[in-house]
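*Asks:* For the record, the sequence lines run as chains A and B.
No gaps in the numbering here: position 179 of the first sequence is 179 in our numbering, and each next residue is one more.
No gaps in the numbering here: position 238 of the second sequence is 238 in our numbering, and each next residue is one more.
Quick caveat, the hints were computed from the structure, so don't treat them as lab data.
Honestly, I wouldn't trust all of these hints.
[Said to hold, decoys possible] Which residues of chain B face chain A? A few of them, derived with a C-beta cut under 7 Å, are:
#1 25
#2 26
#3 30
#4 32
#5 62
#6 64
#7 66
#8 67
#9 200
#10 252
Each residue gets a CB set at the ideal place from its N, CA and C atoms; glycine is no exception.
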Amino acid sequence: MVQQRQLIVAEQRDVTPDLRWLTLEAPELTRSVRAGQYLLVRCAEAGSYDPLLRRPLFVAATEPALGQIALLYAPNERGLAWLARTRAGDTLDVLGPCGRGFTLEPRTRTLLLIGAGPGLAALLLLARLAAAQQVAVTLLAGAANAELLPPAYLLPGEVEYQTFVPWQLSDFIAPGGTAATSSYNLPAAIAWADQVAVALPNAAAPALAQLIRTTKFRWERGFASALLEGPLICGVGACGVCGIELRKGIRMLCSDGPVFDLRDLP
Amino acid sequence: MIELAPHNPYGLSIHIPVLTAAGCFGYGVEYANSIDITRIGAIVTRSTSFYAQRQSQPRLIETPAGVLLTGTWPNPGLAYVLRHYAPIWASWSTPVIVSIVGAGADEYAAIAAELEGVEGVAGIELNVALHAAHAAQITSAVRAATQLPILVKLPPSPEAEQLAQKVARAGADALTLFAPFPAATPDPNTGALVEGWLLGPATRPLVQPMLRTLAGQLSIPIIACGGIAQSSDAQQALVAGASAVQLGSVLLNTPQAAFQIASALAHYQPT
Chain A
1 MVQQRQLIVA EQRDVTPDLR WLTLEAPELT RSVRAGQYLL VRCAEAGSYD PLLRRPLFVA
61 ATEPALGQIA LLYAPNERGL AWLARTRAGD TLDVLGPCGR GFTLEPRTRT LLLIGAGPGL
121 AALLLLARLA AAQQVAVTLL AGAANAELLP PAYLLPGEVE YQTFVPWQLS DFIAPGGTAA
181 TSSYNLPAAI AWADQVAVAL PNAAAPALAQ LIRTTKFRWE RGFASALLEG PLICGVGACG
241 VCGIELRKGI RMLCSDGPVF DLRDLP
Chain B
1 MIELAPHNPY GLSIHIPVLT AAGCFGYGVE YANSIDITRI GAIVTRSTSF YAQRQSQPRL
61 IETPAGVLLT GTWPNPGLAY VLRHYAPIWA SWSTPVIVSI VGAGADEYAA IAAELEGVEG
121 VAGIELNVAL HAAHAAQITS AVRAATQLPI LVKLPPSPEA EQLAQKVARA GADALTLFAP
181 FPAATPDPNT GALVEGWLLG PATRPLVQPM LRTLAGQLSI PIIACGGIAQ SSDAQQALVA
241 GASAVQLGSV LLNTPQAAFQ IASALAHYQP T
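Modelling step: build the complete structure from the supplied sequences, incorporating the hints.
*Replies:* Have a look at this one:
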């Protein structure tokens, strides 16, 4: 259920020159929110509708003991620039949590995460939750510049964190879904993992799927899931602008996703 | 109670003069678990065609205090809607008005005929944004196909007054004034000018004077639509002569505004 909530800002700070870490008082959400779910944050003064649309932000951390959650974002447009100016004690109007997130399979003991862009925040939370369950986690993160990469201290120490700057999809996967030879040995990482979760540009999905097909003898449902990019406007599939064609037909990115099993993608 | 179709045998009574606008509240069922829909006057659904429309994905491009909608109206088609949603609507006390869209008068009439007698469907709203010049002909065809209350949502234009009169004579029970404005804005990705329909609070000052002009000239109820985001906006529309208001883009920001504004107007008495 997508609820409207008034959440108080506990803290906001820069974690890099380009990334902000926003901590909110949200005891109700700390135990219920899942990695890959997002909040629709109203980024305008009370009574103002400029900008009109809420900004979708993925939950990057939960602290049940403190009753807090954290969001990670780049204040690179006017709505998020407004959000970056909020201070401790301010109240934010939030809808959520929205969407369906990642599911950590009970059998998973080794987890491979690959991400770039806003979805990286969701992978941070998944890494934290998995590490707390003694799952071995490797996170491969890419960005155009180092300031857009989450600092390592945001992750549990036991997570293996590798970064790629500047990042290009072809560093990982060559066209056609074969392994790129000039960089990271992604097939070996896939073979190592019990589960793979990615947050990459949508264009990466077919190539990654092909690479998994050629790497795994058996690709079971739940092995690989992808957080897809796209407009997240209403959070419940009502406005209809985020329809996406999957093997099973049209699905709404905002409410049926944004995380889908990679096998369901066309 | 407010009667939106006083000359229709079915009638269309609402207890609060606040409706959701087509396209901004889905089919209502999406919000059934998070919003008390009994506190809304009526729900107007997403525009629905006879067959599913999936080939053209719409986009929302943000503009100052608004959004530009491009593309057409994707929907799962009438059969899906009747099978999956109408039984739910039938259990609600809040009237549901199905917004319909077609390629021509025949398709509008065919959809209307299918909706006649469906439990849970209280009325029809005609989305004629792409067929404004034929709005009266379409209304006539739909009137011949059904006795359900018909709302016609007209686009804003210099000919709106003439068009409204024609549509009223063709059998409309009420008019929704107005559909979003034709507009254009640069694509944030490419810089190329993109055409579409502008909606949002930015349009309200444009709607208000047109509404006031038309309200005194029509013999059927008017439902104001366009940029209404707060209860004071809604009250101004009612004072201008509207019988009720539709909330559109504000619901993309805050769906709870539907009952927040409805609650503020619950005791509103026209002067």
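*Asks:* Please go over all the hints and tell whether each is borne out by the structure.
*Replies:* Against the structure, the hints come out as follows:
{"no.": "1", "hint": "25", "result": "holds (6 Å)"}
{"no.": "2", "hint": "26", "result": "holds (3 Å)"}
{"no.": "3", "hint": "30", "result": "holds (4 Å)"}
{"no.": "4", "hint": "32", "result": "violated (10 Å)"}
{"no.": "5", "hint": "62", "result": "holds (6 Å)"}
{"no.": "6", "hint": "64", "result": "holds (6 Å)"}
{"no.": "7", "hint": "66", "result": "holds (6 Å)"}
{"no.": "8", "hint": "67", "result": "holds (6 Å)"}
{"no.": "9", "hint": "200", "result": "holds (5 Å)"}
{"no.": "10", "hint": "252", "result": "holds (6 Å)"}
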